[in-house]
Amino acid sequence: AQTVTQSQPEMSVQEAETVTLSCTYDTSESDYYLFWYKQPPSRQMILVIRQEAYKQQNATENRFSVNFQKAAKSFSLKISDSQLGDAAMYFCAYRDSGGGADGLTFGKGTHLIIQP
Amino acid sequence: GAGVSQSPSNKVTEKGKDVELRCDPISGHTALYWYRQSLGQGLEFLIYFQGNSAPDKSGLPSDRFSAERTGGSVSTLTIQRTQQEDSAVYLCASSRIHRVMNTEAFFGQGTRLTVV
Chain A
1 AQTVTQSQPE
11 MSVQEAETVT
21 LSCTYDTSES
31 DYYLFWYKQP
41 PSRQMILVIR
51 QEAYKQQNAT
61 ENRFSVNFQK
71 AAKSFSLKIS
81 DSQLGDAAMY
91 FCAYRDSGGG
101 ADGLTFGKGT
111 HLIIQP
Chain B
1 GAGVSQSPSN
11 KVTEKGKDVE
21 LRCDPISGHT
31 ALYWYRQSLG
41 QGLEFLIYFQ
51 GNSAPDKSGL
61 PSDRFSAERT
71 GGSVSTLTIQ
81 RTQQEDSAVY
91 LCASSRIHRV
101 MNTEAFFGQG
111 TRLTVV
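These protein sequence lines map, in sequence, to chains A and B.
Every letter in the first sequence is one number past the one before it in this note's numbering, and letter 69, counting from 1, is 69.
Every letter in the second sequence is one number past the one before it in this note's numbering, and letter 66, counting from 1, is 66.
The following block holds chain B by itself, in its conformation from the complex (with noise of 0.2 Å):
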């Protein structure tokens, strides 16, 4: 696609309901980012994809919280039994390759979920 997509765009979701994100990245990208932006606050770094494998998951911030990848393209971020302090904007980037300095990030739009 002409850029990293994100659906849903927004979610409402009953505490204690789970929730799946996708995000598609950009066609060829291997690397993928997960992250999360609080009402206010900067981006928290959740977790990166190389292809499909996830070499360090520390940036989770709670078991309920998993990612994968599969085919080397889509990714999906699930969170189980949702709680409010989740609630947030999740945005999902993709660059050619990892930590190389001139392949640049993409962001998508991000996916806003409200856990009431």
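Chain A on its own, in the form it takes in the complex (with noise of 0.2 Å):
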């Protein structure tokens, strides 16, 4: 079973600052897909990136970006210039490409905190 590991449950940032978000993940697949969701306090989960593995360019949108290391199973999540509109939880997941009916799998998430 593949599982997502998010090693820091909260983190902290000066607003305008830089910050990176960990996430690692364990898979036998060879072919799979990632994403960074959001969620503030309203409860909707909101994608912020996604990145696709056989692809070796890192995926980027705006002030987000990704570090995708695929032999260390490791996929950061850089988010420059923080908002204070960054804050909330931030989970990372994974799905694979292959048959059967799961859906994602969801790290326990980390907690982003935008100090003024």
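Honestly, the hints are just simulated from the structure, not real lab data.
Ideal Cβ placement from N, Cα and C applies to all residues, glycine included.
Check each hint, because a few of them may be wrong.
[Said to hold, decoys possible] Heads up, simulated DSBU-like pairs for lysine-lysine below, C-alpha to C-alpha not over 35 Å straight-line:
(1) A:K108 to B:K11
(2) A:K108 to B:K17
(3) B:K57 to A:K108
(4) B:K57 to A:K73
(5) B:K57 to A:K55
(6) A:K70 to B:K57
(7) A:K108 to A:K55
(8) B:K57 to B:K17
(9) B:K15 to A:K108
(10) A:K73 to A:K108
(11) B:K15 to B:K57
[To be verified] Derived list of chain A stretches under chain B, where covered just means 3 residues or more per stretch with a C-beta under 8 Å from a C-beta of chain B:
(12) 41 to 48
(13) 103 to 109
Take each chain as given, in its own frame, and dock them per the hints.
Right under this line is the structure:
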């Protein structure tokens, strides 16, 4: 079974600074997808960024970028120029591309605090 | 609708009672997912529907849990004889096609269930 580990229960960063959230995963699959979701107090999960495992290039979405290290099974999220609106729970998630009915496998989340 | 709608937003029930949670996916989305988020935990995959069928129900935590989907649209998650450990936020998500990378899963705001 796949597992996703987020080792930082909470992170704090000054507004306008850069912060990196860690995620590692375990899988025996070679083809899969990785995601970062943001969950604000409204509870609604919002997709921040996604990465296909077969792509070597790291995904980037505006201020959000990932450092995908396939051999190390590491998928960290970097948030540049942090803003107050970035404060939320961030979840790393995995999904394989093979057969089966499983959905996303999530880590336990990192609570990101933005200090004004 | 504009997004995934879940009702009720909050539900308090007495131990031993049955509860029914509703998810109204985005129109045209054939895939629908249920997740459970316990306090301080990530999301636990429960079940997914492709149309009206649920190919794999193994994620449901016990036989007190059941789910159905009718007309390829609305889904209900039923918990019978609720226990205190069932207290959690139940999140629903939908996507156009299951397991296709570029088809994003959109989440509702969840139902917070409290069993007293």
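Right, here's what the structure says about each hint:
no.	hint	in the structure
1	A:K108 to B:K11	holds (24 Å)
2	A:K108 to B:K17	holds (29 Å)
3	B:K57 to A:K108	holds (23 Å)
4	B:K57 to A:K73	holds (29 Å)
5	B:K57 to A:K55	holds (32 Å)
6	A:K70 to B:K57	holds (31 Å)
7	A:K108 to A:K55	holds (26 Å)
8	B:K57 to B:K17	holds (22 Å)
9	B:K15 to A:K108	holds (27 Å)
10	A:K73 to A:K108	holds (17 Å)
11	B:K15 to B:K57	holds (24 Å)
12	41 to 48	holds (count 6)
13	103 to 109	holds (count 7)
Comparing the model with each numbered hint stated earlier shows that all of them hold.
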